[in-house]
Every structure is written in C-alpha cells, then in structure tokens.
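Peer 1: Take a look at the letters that make up each chain.
There are 2 protein chains.
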Amino acid sequence: MLKNNRPALSESEQAAGNGLLDRRLFLTATAAAVGSAAVADHAGAAEALPVEPWMKTPGSPFVPYGQPSKYTSKVARVFASAPGTTGTGASRTPHHLLDGMITPNGLHFERHHSGIPDINPETHRLLIHGLVKRPLVYTLDALMRYPMESRIAFIECAGNSASLYQKEPAQLGVQPIHGLLSCAEWTGVRLATLLEDAGVDPRARWILAEGADASGMSRSVPLEKVMGDALVAIYQNGEPVRPSNGYPMRLLLPGYEGNMNVKWLRRIKLTEGPTMTKDETSKYTMLQNDGKSLQFCFAQEAKSVITRPSPGLTMGAPGLYEITGLAWSGYGRIAKVEVSADGGASWAPAALQEPVLPMAATRFRSPWRWDGGPATLQSRATDDSGYVQPTRSKLIADRGARAIYHFNGIASWAVAQSGEVKHVYA
Amino acid sequence: MLKNNRPALSESEQAAGNGLLDRRLFLTATAAAVGSAAVADHAGAAEALPVEPWMKTPGSPFVPYGQPSKYTSKVARVFASAPGTTGTGASRTPHHLLDGMITPNGLHFERHHSGIPDINPETHRLLIHGLVKRPLVYTLDALMRYPMESRIAFIECAGNSASLYQKEPAQLGVQPIHGLLSCAEWTGVRLATLLEDAGVDPRARWILAEGADASGMSRSVPLEKVMGDALVAIYQNGEPVRPSNGYPMRLLLPGYEGNMNVKWLRRIKLTEGPTMTKDETSKYTMLQNDGKSLQFCFAQEAKSVITRPSPGLTMGAPGLYEITGLAWSGYGRIAKVEVSADGGASWAPAALQEPVLPMAATRFRSPWRWDGGPATLQSRATDDSGYVQPTRSKLIADRGARAIYHFNGIASWAVAQSGEVKHVYA
Numbered sequence: 001m002l003k004n005n006r007p008a009l010s011e012s013e014q015a016a017g018n019g020l021l022d023r024r025l026f027l028t029a030t031a032a033a034v035g036s037a038a039v040a041d042h043a044g045a046a047e048a049l050p051v052e053p054w055m056k057t058p059g060s061p062f063v064p065y066g067q068p069s070k071y072t073s074k075v076a077r078v079f080a081s082a083p084g085t086t087g088t089g090a091s092r093t094p095h096h097l098l099d100g101m102i103t104p105n106g107l108h109f110e111r112h113h114s115g116i117p118d119i120n121p122e123t124h125r126l127l128i129h130g131l132v133k134r135p136l137v138y139t140l141d142a143l144m145r146y147p148m149e150s151r152i153a154f155i156e157c158a159g160n161s162a163s164l165y166q167k168e169p170a171q172l173g174v175q176p177i178h179g180l181l182s183c184a185e186w187t188g189v190r191l192a193t194l195l196e197d198a199g200v201d202p203r204a205r206w207i208l209a210e211g212a213d214a215s216g217m218s219r220s221v222p223l224e225k226v227m228g229d230a231l232v233a234i235y236q237n238g239e240p241v242r243p244s245n246g247y248p249m250r251l252l253l254p255g256y257e258g259n260m261n262v263k264w265l266r267r268i269k270l271t272e273g274p275t276m277t278k279d280e281t282s283k284y285t286m287l288q289n290d291g292k293s294l295q296f297c298f299a300q301e302a303k304s305v306i307t308r309p310s311p312g313l314t315m316g317a318p319g320l321y322e323i324t325g326l327a328w329s330g331y332g333r334i335a336k337v338e339v340s341a342d343g344g345a346s347w348a349p350a351a352l353q354e355p356v357l358p359m360a361a362t363r364f365r366s367p368w369r370w371d372g373g374p375a376t377l378q379s380r381a382t383d384d385s386g387y388v389q390p391t392r393s394k395l396i397a398d399r400g401a402r403a404i405y406h407f408n409g410i411a412s413w414a415v416a417q418s419g420e421v422k423h424v425y426a
Numbered sequence: 427m428l429k430n431n432r433p434a435l436s437e438s439e440q441a442a443g444n445g446l447l448d449r450r451l452f453l454t455a456t457a458a459a460v461g462s463a464a465v466a467d468h469a470g471a472a473e474a475l476p477v478e479p480w481m482k483t484p485g486s487p488f489v490p491y492g493q494p495s496k497y498t499s500k501v502a503r504v505f506a507s508a509p510g511t512t513g514t515g516a517s518r519t520p521h522h523l524l525d526g527m528i529t530p531n532g533l534h535f536e537r538h539h540s541g542i543p544d545i546n547p548e549t550h551r552l553l554i555h556g557l558v559k560r561p562l563v564y565t566l567d568a569l570m571r572y573p574m575e576s577r578i579a580f581i582e583c584a585g586n587s588a589s590l591y592q593k594e595p596a597q598l599g600v601q602p603i604h605g606l607l608s609c610a611e612w613t614g615v616r617l618a619t620l621l622e623d624a625g626v627d628p629r630a631r632w633i634l635a636e637g638a639d640a641s642g643m644s645r646s647v648p649l650e651k652v653m654g655d656a657l658v659a660i661y662q663n664g665e666p667v668r669p670s671n672g673y674p675m676r677l678l679l680p681g682y683e684g685n686m687n688v689k690w691l692r693r694i695k696l697t698e699g700p701t702m703t704k705d706e707t708s709k710y711t712m713l714q715n716d717g718k719s720l721q722f723c724f725a726q727e728a729k730s731v732i733t734r735p736s737p738g739l740t741m742g743a744p745g746l747y748e749i750t751g752l753a754w755s756g757y758g759r760i761a762k763v764e765v766s767a768d769g770g771a772s773w774a775p776a777a778l779q780e781p782v783l784p785m786a787a788t789r790f791r792s793p794w795r796w797d798g799g800p801a802t803l804q805s806r807a808t809d810d811s812g813y814v815q816p817t818r819s820k821l822i823a824d825r826g827a828r829a830i831y832h833f834n835g836i837a838s839w840a841v842a843q844s845g846e847v848k849h850v851y852a
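Respectively, the protein sequence lines represent chains V and C. Last residue of the first sequence? That's 426 in our numbering, and every number before it is there in order. Last residue of the second sequence? That's 852 in our numbering, and every number before it is there in order.
It is worth saying that the hints were derived from the structure and are not from the lab. On a predicted model such as this, the values are computed, not experimentally measured, just so you know. One thing to keep in mind: the hints can contain errors.
[To be verified] Keeping only pairs whose Cα atoms sit at most 35 Å apart, straight-line, the calculated DSBU-like set for lysine-lysine is:
| id | chain 1 | residue 1 | chain 2 | residue 2 |
| --- | --- | --- | --- | --- |
| 1 | V | Lys74 | V | Lys167 |
| 2 | C | Lys559 | C | Lys593 |
| 3 | C | Lys500 | C | Lys593 |
| 4 | C | Lys651 | V | Lys70 |
| 5 | V | Lys225 | C | Lys709 |
| 6 | C | Lys704 | V | Lys56 |
| 7 | C | Lys482 | V | Lys278 |
| 8 | V | Lys336 | V | Lys167 |
| 9 | V | Lys283 | C | Lys848 |
| 10 | V | Lys74 | C | Lys820 |
| 11 | V | Lys56 | V | Lys167 |
| 12 | C | Lys559 | V | Lys56 |
| 13 | V | Lys278 | V | Lys167 |
| 14 | C | Lys496 | V | Lys278 |
| 15 | V | Lys70 | C | Lys496 |
| 16 | V | Lys56 | C | Lys848 |
| 17 | V | Lys133 | C | Lys482 |
| 18 | C | Lys709 | V | Lys283 |
| 19 | C | Lys496 | V | Lys225 |
| 20 | C | Lys500 | C | Lys848 |
| 21 | V | Lys292 | V | Lys225 |
| 22 | C | Lys651 | V | Lys56 |
| 23 | C | Lys482 | V | Lys225 |
| 24 | V | Lys422 | V | Lys70 |
| 25 | V | Lys394 | V | Lys336 |
| 26 | C | Lys593 | C | Lys496 |
| 27 | C | Lys500 | C | Lys482 |
| 28 | V | Lys70 | C | Lys709 |
| 29 | V | Lys336 | C | Lys762 |
| 30 | C | Lys704 | V | Lys70 |
| 31 | C | Lys559 | C | Lys496 |
| 32 | C | Lys593 | C | Lys482 |
| 33 | V | Lys336 | C | Lys559 |
| 34 | V | Lys394 | V | Lys167 |
| 35 | V | Lys74 | C | Lys496 |
| 36 | V | Lys70 | C | Lys500 |
| 37 | V | Lys283 | V | Lys74 |
| 38 | C | Lys651 | C | Lys482 |
| 39 | C | Lys593 | C | Lys718 |
| 40 | V | Lys225 | V | Lys56 |
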C-alpha cells in the first residue's frame, strides 16, 4: 500500500552521484513526489481524447493460439548463422524492449549447432545406460507419469557478452551484446528420479548427456549436480518445450552454461569420468594468456546488465528516469545489485523485484534524476555466495582477453547530452 | 538435494484413503523408492535406440519470433462466440496439457465483449480526469518513463466454472469448465503513481475504468484498491501485452474478477461513487435465490482444480501417479491445498510448488498410488486469510444456483476401473 503521510523529500534522497536516488522512493513515494516525470499532457486533456476507429467497429475474432501485435514487430530476436549454414549460430533476446523476469517462449535465445530438429515425439526415446543396474528407455508418455517439479531458471550461453573481451567497445546494444540470456519457468522430471529407477552403480561419478540433433551435441556433467537439481524439462512457461528449445525434452542444469542444458535429450550415460566430447574439448573451454585452456567451467558467474536506458533507446528530456536491468548468478540467489551513474565512482543499491529466486533472472530498478549532462551507467551484482561481479579491467587482468566465454564483467552505457546512449569501456 | 539415507517406506506413507501418499515422498524419495512408476522399457534398452531421420540432416533455421511444435497443435484454446458475432465470447486455456504456474501468452484465456481492437499505439491515449486537480493524458511513450513494477498474478473470469451451477455435471473436462483462468507475470506502472501526478481530489472514492474496444467495456473500482496494488500493465510475461490481452495497456487489479482488469485501457475517471455501467448492472452481478442480485463481488474466492488426471486424459496401468493442479485466491496467498481420492472422505496435504505468491496461481502436487479401482479425486484450497474452498453443495446451499458467476466450489473427477476420467458431483 502507498502511504499517504510520506516524509518531505530532500537531498538526502540522493543515494549516489550524478542523480541516483534512493531505491525506496519507488516503494514509499511516487514519481510526482520526487519531481514528476512530467511527460503527461494536461492542456485540455479530456477534450483531446478522440474516438478512434477501433472503437467504432467490432474487433477481430478468437484464435486457438495467440500472437503479438503487428505494431510490436521489432520485439524480435536477431540472429546470425555460420557461413554455409542456416541453423548453426545463435538468436538473441531483445531485452531492451522487454521488462519483468520471464522471457516469453517466442523470444528465448537460441544456440544451435546444426539447426532445429523436427522431432516426432511418438518415436523419440530417452535412453539411460552405462554404469546403471538396468538400462532404461523412456517415451515421452512414460515420463509424463513421473512426479514433476517446476522452477524459474535463467539459461545463459557461455558466449554471451563475448564482445567485451575485444579491445574497443562494440558499438552495439543490449540485444547483440548480452542477448544470449533468457529466463523461463521450466517443469519436468528430476533426472535423479530416473537414475534411481535405473539404479546408479557406485563407480559412476559423471554422466554424458547427448542431444538428438544432427550435431550430436553432448556434454559431460558431474553426477553430484545431476542428483542435486537437474531436470528433464518437458514444459517451458507452462506449455510443451518448443522445438527450438529442445522439444520434446531438454536437460536443465540450473546455473550451468547454456550448452550443457542439452536440448532434444536422447541419451544419458553414467560414467566414471568425463567423456571428453568435441563440445567440451574443441569448444567451450576458456583460453588463458599462457596458451592453456580452462576446461569444465560450469556455473555462469554473477552478472548484471542495464537494459533501459541502453543503446538504441534515446533519452527524452532531462528529469526522472528508471534505470532497470537483469541480474543473475549460477552460484545462487542475487543478494544485491548496485547502480552507478558516474562510471563506478559512487554506487546506489537498486530495488530488487520479488520474487528473488536462486539461478533465476532478477529484475532490478533504480530511480535516476538525469540532469541532462553526460553520465556513465553501470550495474554490479552480488550473489548470496558473496561473489561480486568484477569490473571489466579486473576480469581481463585476472583472465586475459584470449577467452570468448563466461564474460561477466561490469558493462557501461554512456549517456550523452544529446540523449544518445553508447556502449563504452569505463 | 536428494538424500541418500532415506528411511524405509511403509504404510505410514499413506496420507489419506484410496492410495494418497505423503507429499514429502516427492521431496525426500523418488518414484523408484515408493514403487517405480515402472513405465520405462528395460529390455535391450541400448540396442533399441534408433538413429532417427532428424539426426542425419541439419535442422531448420532461426526465426525472429518462435512458435510451438507442429506436434503440439492440440495445445490450443477452445472458444465460442455469441450468435451473429465472431469476437464476443471467450477462449479457454488448456490446463490439462500444461504444467507450472505461468500460462504462456498464446494460451492465456480471453473474454471479449466485442472482439479484439487493432489499436495503433502511436495514437492511443490514456486519460485521467474527473475528481483530480489536473486532468492528464498519457501516451504509451510517456508511460514508459515511469517506474515499473512486476508481479505474477492470476486473472480469472467471473464466469469460470459456471457450469457447476447446473443440476447435472457437464460431461466436459478442465479446459471447457475451468479454462477461464490464467496466470502471467505482468509489468507496468502503478496507477497510484499516475493518480498522484494528477492530484486526487479528497472527495474521490471510486474510479471508472474504460476500455477502447467497441463495446466500451467499463467498470467502477474502489479507490482504495486502485491506490493499493492496481497496475497499468504494459508487459505480459516479459513482452508487450498482446492485442487480445489489452495492447497497448490494460488495468491489472490483482485478485479481482477478470472483466474489471479492463483491457485497452483509455480512460480513468475519479468519482465519488460507482458509475453503474452496463457491465456492472446488466452483467456481472450475482442472482440470488430470492431474485435479488449481489453487485460488486470483486475478489475471486479461493479455489483449486485438479488438472491431471482429468477428463480426456485416460489413465494407464495401475501404479504411482502424480495428482497435480492449480490453486489461487483473490484474498491473498494459498496456504494449503488438500487432495482426496475418495470423494472427500479423507484428505492429504499436497506439496505446493515454490514460489507461492499472493494473487498468483500455485501449482500443487500429490503422489497417488492408484490401485486400479474406482476413485473420486478432489482438491480443496485454503488461503492465508483462512478462507476454505467450499464443497459444491455448501456453495449452492448458501448462494443458490441461479447465479452464473464466482463458482469456486470443489470439483470432482471420477476415475473408473477402465481408466476413464469423468466429471461428477460428489
């Protein structure tokens, strides 16, 4: 409930430099109270309201499966494929045009290694074999008999934000730089349940998970993670998982890099050690400065990105704005997000939108009074393991810049006096 | 995490009559431990796994906005329109084919009073006038400057489940009977923020909210609710609200009957009393036995429904099943859901899927060992206000059966020895 007897506002609401205001202003007061956004027109308001054409004739009929407005056609993914292919590449979520924590299924990012297979659920099978007492084969119908579990979880491609390893800031916005991150409610059967059905041999320490696409995408996963929280996901945001996200079933490993959440899951093999597939040797390893590679970097580290304002979204007149974005961590729950408007010189805590869930995207919001001058916006996430999102320069000092994966350094948007927003290193 | 040292299972896991098991079995043990669902095939498992055609050729390419599998075409809404119209009626969510708490946008139920208007967001305006200090007109762009808030909330049509007022149980399933209920993450601007911008006249006690469709759908809402938690929603499950759900903006009144969540919101007028529109006098009132009608029944009372098993989903062999469904309350948070397999003679508490949020759908799950005999499945929700979902007979004894709105009595599915599931009164 909004309180009517709120205290008068003063400079004490300033929470950090360059106009960042106390996050609680959004909870206890309103835009009007902190200096109206003043973007409504109040000259002859009522008289200005025309009767539009769509108020004069009946609208369009029902359809079995709904679609977005024709006016929101820009709310779409961008994508690129490897030369000579149509389906080897990635499509990216337009976070600058979205809000909330859920990514709708039509806009979830995708990373395919050989396109989207057209799987017939009647003939698809999931095999569990290797170091088990009895190998088992599951149909989709069989899986539907098992107890289900739902969880809201992000998936992030290991290669998300890779361009920040480059020497110069790519002149791009949220979607092409950070769009390989999405968040959905996944529902399925605990893989642990199926493994206990099969009977785990005590020698088993890892699994191999293999997809039914033409690339035979496959990864090794420690058994401990599998028994902990791995799901064989059948539903995404309520409905059956779509072909582009693994229909009829995919592996969900909450917090782990995207490719390990194997789509079109067809085979789980229990093993003593990792299988060393092509997807964890020639790919998805992290090249260090000394020429050696780190292998098996599983969890996506804590990270955040401001989605609005961001490049491509030009600022209007000076005044009150909301800075908003997403934060997430493969280590657990987001504990804190701080926002800076002066390139990291000072920081204000942002409000976190409930519910704040482990291994889920968390929406943060911070009120900002833009004075019309230059500003450099940054966000910094801390998770409940205590891990703090590093600056870009610290990340590169520690790791070098030869890697292309797991970039989670702080990103910076520069706001110019003109209102233009640009990607910068700061 | 699954525990390895779990206690041996015994008859003490029986939580209620006719096979209902302790809900914690799903948390501390697995299907295998309670007697495997035994639906996997383990004869020559590995050898049985063929190389399917979709593993031999590259799959299909990326698209800007994704769609469901062609194999899930039955996961669709059913709908009916009033005679002589194409867009006056309702479409219903196929809950028997969904799982989780989120309804994807393409399957959210709809109730239109004159079809779906094709609104140009550039010319659409939201007017705030009446008992305010200065009337204001907002464009969509103007609203985008304001602080946002997200919440996961159900919307239920007042007429959902109306057929249970009939003398005989309609031979229908979850979708046609209970499909006017959906749940999404809504993001928008608090209406209170806009009203404070306009300056509320102390005489104001109500608002009128009007939509821009051809029916001029409009409802009166107490100002207290509006100042409490009303949102002008701009996003649904992350993306812009779709035309069928109010694009470019709709009113969200968490917990209140669906029609009050006015779609295509164009006008808010502050008033001393209710406006007595056609939509709250000739419609959406509750006819009592004595011929008088209850007016202004706002909150949807606590309710639950079992979505699986349910009519149309035939049972397989006897053994372990999961009973699952949704519960929700316009009074607050779901505190408890109980499940019965013997028509209400005995009840077992179901497990509630986290997060359990106020005015949001809550997924419940209960393990059930079906012995192959007849069973009558029921669920009963209790919310954190202490309200308990009534039996159908109590609801009708209290209210009569001349109403068509707000039916929230306990529903019953009868499972026959054949495995067929039917709607019954029990």
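Peer 1: Each hint needs a verdict: does it hold in this structure or not?
Peer 2: Tested hints:
no.	hint	in the structure
1	V/Lys74 - V/Lys167	30 Å, holds
2	C/Lys559 - C/Lys593	53 Å, violated
3	C/Lys500 - C/Lys593	30 Å, holds
4	C/Lys651 - V/Lys70	33 Å, holds
5	V/Lys225 - C/Lys709	55 Å, violated
6	C/Lys704 - V/Lys56	18 Å, holds
7	C/Lys482 - V/Lys278	18 Å, holds
8	V/Lys336 - V/Lys167	29 Å, holds
9	V/Lys283 - C/Lys848	53 Å, violated
10	V/Lys74 - C/Lys820	52 Å, violated
11	V/Lys56 - V/Lys167	57 Å, violated
12	C/Lys559 - V/Lys56	31 Å, holds
13	V/Lys278 - V/Lys167	29 Å, holds
14	C/Lys496 - V/Lys278	31 Å, holds
15	V/Lys70 - C/Lys496	23 Å, holds
16	V/Lys56 - C/Lys848	44 Å, violated
17	V/Lys133 - C/Lys482	31 Å, holds
18	C/Lys709 - V/Lys283	62 Å, violated
19	C/Lys496 - V/Lys225	33 Å, holds
20	C/Lys500 - C/Lys848	20 Å, holds
21	V/Lys292 - V/Lys225	26 Å, holds
22	C/Lys651 - V/Lys56	31 Å, holds
23	C/Lys482 - V/Lys225	31 Å, holds
24	V/Lys422 - V/Lys70	29 Å, holds
25	V/Lys394 - V/Lys336	20 Å, holds
26	C/Lys593 - C/Lys496	39 Å, violated
27	C/Lys500 - C/Lys482	28 Å, holds
28	V/Lys70 - C/Lys709	32 Å, holds
29	V/Lys336 - C/Lys762	32 Å, holds
30	C/Lys704 - V/Lys70	31 Å, holds
31	C/Lys559 - C/Lys496	55 Å, violated
32	C/Lys593 - C/Lys482	57 Å, violated
33	V/Lys336 - C/Lys559	39 Å, violated
34	V/Lys394 - V/Lys167	14 Å, holds
35	V/Lys74 - C/Lys496	25 Å, holds
36	V/Lys70 - C/Lys500	25 Å, holds
37	V/Lys283 - V/Lys74	32 Å, holds
38	C/Lys651 - C/Lys482	59 Å, violated
39	C/Lys593 - C/Lys718	21 Å, holds
40	V/Lys225 - V/Lys56	59 Å, violated
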